[in-house]
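Sequence order for the protein chains is C and F.
Under the UniProt record's numbering, the residues of the first sequence are numbered 1 to 691, in order.
Under the UniProt record's numbering, the residues of the second sequence are numbered 1 to 120, in order.
To be clear, the hints were calculated from the coordinates, so they are not data collected in a lab.
Among these hints, one or two may not hold up.
Claimed, not checked - Distance condition first, Cα-Cα at most 25 Å in a straight line; then the derived SDA-like pairs of lysine to any residue:
1) C:K659 - C:N627
2) C:K179 - F:Q95
3) F:K101 - C:L52
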Amino acid sequence: MASAIPVECQMPGEDYDFQDVTELFVEAGKEIKPDSIVFMHNFSLHEAMSALEIGEPRLDSGLIVQEQVRPPFDPLMLLLPEEVCWVLDRALAYETEFHAGNFLAHTVHTLLYVHHLHDIDPETISPSKLQHDDHDRPIELVTVVLRAAVQGLLKCCDMAWRELAKGAAYDAEDWQSDKCDVLLLEGMPVPFAISQLDDAIGWLFHAVEIPASWRAALRARLQLRKSLLQVMSTEPTKDRIEFQRLVFAAKEHLAMVKASPTIECGDDSPAALAFDPYIGRRLQTATPIRVIPAPSFEQTCETVSRLLDGLQEVGLLETVSDLSTWQIMGDLRMWLPEPPAQAAYIRSLTQTTFYDGFLVLSKYPFEWMVNRVFYETIGVRYDWIRANIINRWTGEEDPPLQKIERSISKLITPHFRALWYNPPRRRRHFMKALLEWHGLYDTLVQITDDLELEDLPRNHILAQLPIIALLWRLPIVREVVLSGFQLELYAPEERAFAYWYAARVIEEHLEYLDKVLPVVQNESPVYHEMVYQTHFLTALQTLCSASSLISMPLISFDWDRTRPNFFRRYKWAFRAEYDAYESPVICPPELHEFIRICGEILSEDDPVLTDYVELARSLLQGLVDANDTGAWAGLWASDRNQLVQNLISVCDNLSNLPKTSDEMAQFDAKSLKWDPAVHPWFPSLNTDSTA
Amino acid sequence: MPSSAHSSSYTPPLSPIPSSPPTSPPYNAFAFPHETALGKVKRLLQQLLRITVNDGRVFVGTFAGTDKPLNIVMINAEEFRIGPDQNPDGRYVGQIMLPWKIIVKVEAAPEKSRPSGMYI
Numbered sequence: 001m002a003s004a005i006p007v008e009c010q011m012p013g014e015d016y017d018f019q020d021v022t023e024l025f026v027e028a029g030k031e032i033k034p035d036s037i038v039f040m041h042n043f044s045l046h047e048a049m050s051a052l053e054i055g056e057p058r059l060d061s062g063l064i065v066q067e068q069v070r071p072p073f074d075p076l077m078l079l080l081p082e083e084v085c086w087v088l089d090r091a092l093a094y095e096t097e098f099h100a101g102n103f104l105a106h107t108v109h110t111l112l113y114v115h116h117l118h119d120i121d122p123e124t125i126s127p128s129k130l131q132h133d134d135h136d137r138p139i140e141l142v143t144v145v146l147r148a149a150v151q152g153l154l155k156c157c158d159m160a161w162r163e164l165a166k167g168a169a170y171d172a173e174d175w176q177s178d179k180c181d182v183l184l185l186e187g188m189p190v191p192f193a194i195s196q197l198d199d200a201i202g203w204l205f206h207a208v209e210i211p212a213s214w215r216a217a218l219r220a221r222l223q224l225r226k227s228l229l230q231v232m233s234t235e236p237t238k239d240r241i242e243f244q245r246l247v248f249a250a251k252e253h254l255a256m257v258k259a260s261p262t263i264e265c266g267d268d269s270p271a272a273l274a275f276d277p278y279i280g281r282r283l284q285t286a287t288p289i290r291v292i293p294a295p296s297f298e299q300t301c302e303t304v305s306r307l308l309d310g311l312q313e314v315g316l317l318e319t320v321s322d323l324s325t326w327q328i329m330g331d332l333r334m335w336l337p338e339p340p341a342q343a344a345y346i347r348s349l350t351q352t353t354f355y356d357g358f359l360v361l362s363k364y365p366f367e368w369m370v371n372r373v374f375y376e377t378i379g380v381r382y383d384w385i386r387a388n389i390i391n392r393w394t395g396e397e398d399p400p401l402q403k404i405e406r407s408i409s410k411l412i413t414p415h416f417r418a419l420w421y422n423p424p425r426r427r428r429h430f431m432k433a434l435l436e437w438h439g440l441y442d443t444l445v446q447i448t449d450d451l452e453l454e455d456l457p458r459n460h461i462l463a464q465l466p467i468i469a470l471l472w473r474l475p476i477v478r479e480v481v482l483s484g485f486q487l488e489l490y491a492p493e494e495r496a497f498a499y500w501y502a503a504r505v506i507e508e509h510l511e512y513l514d515k516v517l518p519v520v521q522n523e524s525p526v527y528h529e530m531v532y533q534t535h536f537l538t539a540l541q542t543l544c545s546a547s548s549l550i551s552m553p554l555i556s557f558d559w560d561r562t563r564p565n566f567f568r569r570y571k572w573a574f575r576a577e578y579d580a581y582e583s584p585v586i587c588p589p590e591l592h593e594f595i596r597i598c599g600e601i602l603s604e605d606d607p608v609l610t611d612y613v614e615l616a617r618s619l620l621q622g623l624v625d626a627n628d629t630g631a632w633a634g635l636w637a638s639d640r641n642q643l644v645q646n647l648i649s650v651c652d653n654l655s656n657l658p659k660t661s662d663e664m665a666q667f668d669a670k671s672l673k674w675d676p677a678v679h680p681w682f683p684s685l686n687t688d689s690t691a
Numbered sequence: 001m002p003s004s005a006h007s008s009s010y011t012p013p014l015s016p017i018p019s020s021p022p023t024s025p026p027y028n029a030f031a032f033p034h035e036t037a038l039g040k041v042k043r044l045l046q047q048l049l050r051i052t053v054n055d056g057r058v059f060v061g062t063f064a065g066t067d068k069p070l071n072i073v074m075i076n077a078e079e080f081r082i083g084p085d086q087n088p089d090g091r092y093v094g095q096i097m098l099p100w101k102i103i104v105k106v107e108a109a110p111e112k113s114r115p116s117g118m119y120i
């Protein structure tokens, strides 16, 4: 095979005196005993197992199979304007695939101009190559228009990469950071890339030899790229108005791109050579090559539109200083099927907009956040509570106020950032944080025990300080349990307990809301939100109870299997660290209690499930009729209303549940379908099978 | 050896693991004339190998081990494509296993033949 190597090419390692030992290996192979191996010191079969097998197509990213052999790429090949348009659209399509979590090597880097920017720079290429007679294919389309667009594309990827690398999104989970040693023009200033795009737009303006329709189409694409780059390089917290203006400009340019769709280039077009899906074999990457089909023009426009919607939402959220609104918004994006989950870039930008590591919303210090947490939870600022604790303290040592503040600093900003994690990580974060929330509850219990409260009414806010922690902790427990349905974690026999436990947690939450509601100032936003929560949670609890009852036939009652499954599923509630606290955990999952309840239900008459569903429906309908969306939903009131409407749809579907004991006895629980696309938490009933 | 006719200035940034001293003296094809072939191959462990495979690629890396079917494991390996438009700097591929069926040629670099340099 060595003779196939061109003479003009150098072999690597020419400075070494390499000697041919092929025959030596052949002889040694005869001497090696079967099943024995020869390894260097400190190297074992275990290490050898992780070696990539060369020649195996699934592992060897450098392997070129015969079908993948393609003609060499000439970066200066002349292109028609429609071909340039097609290249730009396809590059944008691959950019959306990068944002969807794919490798750069499989998406953006497949555009070969990315690796040949130097070759199409009019400053460096020889004048002879710039001279040509093809007026349909001016070379400036490549050296000016395409080059500026590719630079803009790479700079956009660079801006996205920088945002994603801030730590809010997780590498290999939300996105792929591997640049494969290909520059994303990190050293190029954004204004320079924008000026290149401006130059290209200016050149198009005077390029009368290009048909007007294609000039407009190319201009629209360059302007979209320019506005995308401008948006991505503008921090919403630094220049709010400019950020929002640029998002709207990008939306307008996207509409112009949509109005001038491209023509599909066939395989015989030279433009088709501009993309090599197997470029990974030449890049510094160990990732096996995966050919990702480019999304269609319509899909790409839709994805970019969603990305811009996400950016617009970040711009709007940035104007909101109410923590509850951030909480509601984060929950709604998880609980509503529309709009679909945003790309990691948007989720990361949302997190860094909320907290940049120093200040909340780039302007509020930690003290503001603590005050806000207490105010939005019970309508009283932390400063007031702190002063009263100091005044009424009876303990021997100083009150553990620093402990409270430390707990809140450890809990709050990560909590809000976690709202924009990917769903499994978000659930894991909440599970882990529950321990710290219990620690805060325990501290508040200790403080309340050492306060002089005899001159105050029994339900005074100072006597109910621990409830503040519970009003945060219990919704998180509920979210952990219900998100298990959304993530399709539960086996059929686990569902009845999960619903029953969710209903218990909500019941506890409602009890604490009832306790603090009388001490909250009437007509205040906090009061309004609590009343809304009371209605909403009562409906949710009723639906959970009904769902638990109808899921009971799915329980196997095989104790040997149920018990270990239970402790594995709810391991977050049984961590040994809980023993370090004096206060017992409020509302832990209790399997024995559930078994007892099941026994009672089995020994009594079957409850009428439709009564539960009707009660839930009437409560939810009441919220809709009163146009009540709580106090903090803000700009997302319609989304919150949609959440209630979706639950009403669940009620309508479940209204066909058995109405009598006889019907219940004949009910087949397998007719229930859990589909997160229909509803994240509750099943739907196949009405044909219940008839 | 065809490659010896070519002039070159490239030195692969590869060397045996510096932290673990070689367990055998440098390889010399003419030394130890009575040693078995297996013994000579064992002396090549932790030494630099250059392996050409049947699709024209050349791998340069540290010889880590082999077995009866002569699957060759290399660590810190780099992949080179020989051709006018190819990347002369190679591509780092790390730890690889080359089955004998695709191997066209195996070459070894005796330690004393290595060029002296700042980092070697």
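Checked hints:
{"no.": "1", "hint": "C:K659 - C:N627", "result": "violated, 31 Å"}
{"no.": "2", "hint": "C:K179 - F:Q95", "result": "holds, 20 Å"}
{"no.": "3", "hint": "F:K101 - C:L52", "result": "holds, 16 Å"}
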